[in-house]
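Protein chains: 2
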Amino acid sequence: MTTRTTPDAPGPHRLDPQTGTAFELRAGQVLRVVDPMGEQVSDLTAFSRDDPREWLSSGRSIDYADTISLTAGHVLYSNRSRPMFTIVSDDVGRHDFLYTPCSPETFKIIYNHEGEHPSCFGNLAEHLGRFGIAPDAIPTTFNIFMNVSVAPDGRLRIDPPASKPGDAIELRAEMDLIVGLTACSAELSNNGSFKPIDFEIRPPREGCDLGLM
Amino acid sequence: MTTRTTPDAPGPHRLDPQTGTAFELRAGQVLRVVDPMGEQVSDLTAFSRDDPREWLSSGRSIDYADTISLTAGHVLYSNRSRPMFTIVSDDVGRHDFLYTPCSPETFKIIYNHEGEHPSCFGNLAEHLGRFGIAPDAIPTTFNIFMNVSVAPDGRLRIDPPASKPGDAIELRAEMDLIVGLTACSAELSNNGSFKPIDFEIRPPREGCDLGLM
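These protein sequences, in sequence, are chains A and B. Quick note, the first sequence lines up with residues 0 to 212 if you use numbering that gives the first Met the number 0. Quick note, the second sequence lines up with residues 0 to 212 if you use numbering that gives the first Met the number 0.
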């Protein structure tokens, strides 16, 4: 149910539908995540390569940005309040940082589905396990292209992703990272069909800041 | 800056302003958290007593409730998708599960405050440490009485708590827990002044369900 993709090369790499991977990303490198067919979510998480007890924190990131709508220019923080990523470009501007990755329990509790079902949690757990990261350590993921809105009464609504074929987001690593990435397995998040996710690792660019990427 | 409160007795206990504590709560026991003076936030987190790698998950709880506005009747889930608490009564109905506990970095990044400042993170880290729980393991807290709203564009707004003097929330433990609890130290969350938080541990009640509490 998962690919064995390990980006030894910068890519582009393809994650087949309902699969995931994990890889190292060096400080300064840029992770480009592309939705090749449109309307497909990709769950992202990260840990410090030097000390995986430092993890990507939705709460810290939302707190410091003062918004749940993170896009180009925003920084994603760790639980230690240190920058892990900067979003340097974003074609879509709709991503989610509230939901945990879909898991076997998600499909049981939300979808009333019994039996086996691929899940982002399962895919992340399998691939991050190669780096010694336990399933229990997986936090709320940054759900790229997931289209979530909050009603005035607090209720959550999931709409089809706003991403069109070829739309991308680029995140610059602000420290050496272990990254987990999926092509999401949840029906509702992807408008009912499962598509691949492409990604690429671009080298640091000297003298380039946000405006020049 | 913190009290040494450890509830050997059911209480009521008082957390002095800008302090915190940690304690065990048995399955079936009800934790009653009271805002004695009004407009005061209390950050709550929990870990399984049997295996502290299982922790209170904002993402799972929000996902399964389909709302960020958790109140009486809602279940708070662990990272393993198991119920940790059920909210059995709630006088206020406004709590937050998006923000991480205020920390020394919060006061630097958000408030531009240099030097020492009491924080919920510091108080939780100190008291949970007595149970062998590391600071890095502290997740997004359930911020009781914290009044957060999300604008249509995703921006977050913190208003004074809606809690009046004596308002309370009651949470029934659904497994044996180690609980961390604070009287919040962040100016903005508490309408600019720091007040105590009271709490009490009530025994399991035979034959009582949600409607009877």
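The hints are simulated quantities; they were obtained by calculation from the structure and are not laboratory data. Wrong hints could be hidden among the right ones.
What the hints assert, rightly or not - If you anchor each label on the Cβ, the simulated ranges turn out as follows:
id	chain 1	residue 1	chain 2	residue 2	range
1	B	Ile108	A	Pro151	21 to 31 Å
2	B	Gly128	A	Pro164	20 to 30 Å
3	B	Asn111	A	Gly27	46 to 56 Å
4	A	Gly92	B	Arg201	44 to 54 Å
5	B	Pro82	A	Glu113	38 to 48 Å
6	B	Asp49	A	Pro82	32 to 42 Å
7	A	Gly114	B	Glu115	32 to 42 Å
Unchecked claim - Where chain B lies over chain A, by a calculated footprint (3+ residues, C-beta under 8 Å):
id	region
8	20-27
9	32-45
10	122-130
11	170-177
12	181-192
Stated by the list, open to error - Here are some chain A residues the structure puts well away from chain B; computed CB gaps all over 12 Å:
id	residue
13	Arg81
14	Asp90
15	Thr99
16	Gly114
17	Glu115
18	Ala133
19	Pro134
20	Asp135
21	Ala136
22	Gly165
23	Asp166
C-beta atoms are modelled at their ideal positions from N, C-alpha and C, and glycine is treated no differently.
Results for each hint:
For Ile108/B and Pro151/A, the Cβ-Cβ distance of about 28 Å falls inside the hinted range of 21 to 31 Å, so the restraint holds. Checking the proposed 20 to 30 Å range against Gly128/B and Pro164/A shows it is violated: the Cβ atoms sit about 50 Å from each other. At roughly 28 Å, the beta carbons of Asn111/B and Gly27/A sit outside the given window of 46 to 56 Å. For Gly92/A paired with Arg201/B, a C-beta distance near 47 Å keeps the hint of 44 to 54 Å intact.
Taking 38 to 48 Å as the suggested C-beta distance range, the pair Pro82/B and Glu113/A does not conform, at roughly 19 Å. With their beta carbons about 36 Å apart, Asp49/B and Pro82/A fall inside the hinted range of 32 to 42 Å. Between Gly114/A and Glu115/B, the C-beta spacing of about 54 Å breaks the proposed range 32 to 42 Å. Requiring three or more residues with a Cβ within less than 8 Å of a Cβ of chain B, the coverage given for the region 20-27 of chain A is violated, as only 0 such residues are present.
Coverage of the region 32-45 of chain A by chain B is violated. Counting CB-CB distances below 8 Å, 0 residues qualify, and the rule asks for three or more. Counting residues of the region 122-130 of chain A whose beta carbon lies closer than 8 Å to any beta carbon of chain B gives 0, which falls below the threshold of three, so the coverage claim is violated. Here the region 170-177 of chain A counts 0 residues with a CB under 8 Å from a CB of chain B, which misses the bar of 3, and the coverage is violated. Counting residues of the region 181-192 of chain A whose beta carbon lies closer than 8 Å to any beta carbon of chain B gives 0, which falls below the threshold of three, so the coverage claim is violated.
With a least beta-carbon separation of about 9 Å from chain B, Arg81/A fails to lie farther than 12 Å from that chain, contradicting its non-interface assignment. Consistency note on Asp90/A: stated as away from chain B, and its beta-carbon is indeed over 12 Å from all of that chain's, at 17 Å minimum. Not every beta carbon of chain B lies more than 12 Å from that of Thr99/A, the smallest distance being close to 3 Å; the non-interface claim is violated. Every beta carbon of chain B lies more than 12 Å from that of Gly114/A, the smallest distance being close to 16 Å; the non-interface claim holds.
With a least CB separation of 16 Å from chain B, Glu115/A remains clear of the 12 Å interface cut-off, as annotated. In this structure Ala133/A is not separated from chain B by more than 12 Å, as the shortest Cβ-Cβ distance comes to only about 7 Å. At roughly 9 Å, the least C-beta separation between Pro134/A and chain B is not larger than 12 Å, which violates its mark as non-interface. At roughly 4 Å, the least C-beta separation between Asp135/A and chain B is not larger than 12 Å, which violates its mark as non-interface.
With a minimum CB-CB distance of about 8 Å to chain B, Ala136/A fails to clear the 12 Å threshold, and the non-interface call is violated. Distance check on Gly165/A: its Cβ is at least 24 Å (rounded) from any Cβ of chain B, clearing the 12 Å threshold; non-interface status holds. Look at Asp166/A: its CB is around 19 Å from the nearest CB on chain B, clear of 12 Å, so calling it non-interface holds up.
Checked against the numbered hints listed earlier, the structure breaks hints 2, 3, 5, 7, 8, 9, 10, 11, 12, 13, 15, 18, 19, 20 and 21; every other hint is satisfied.
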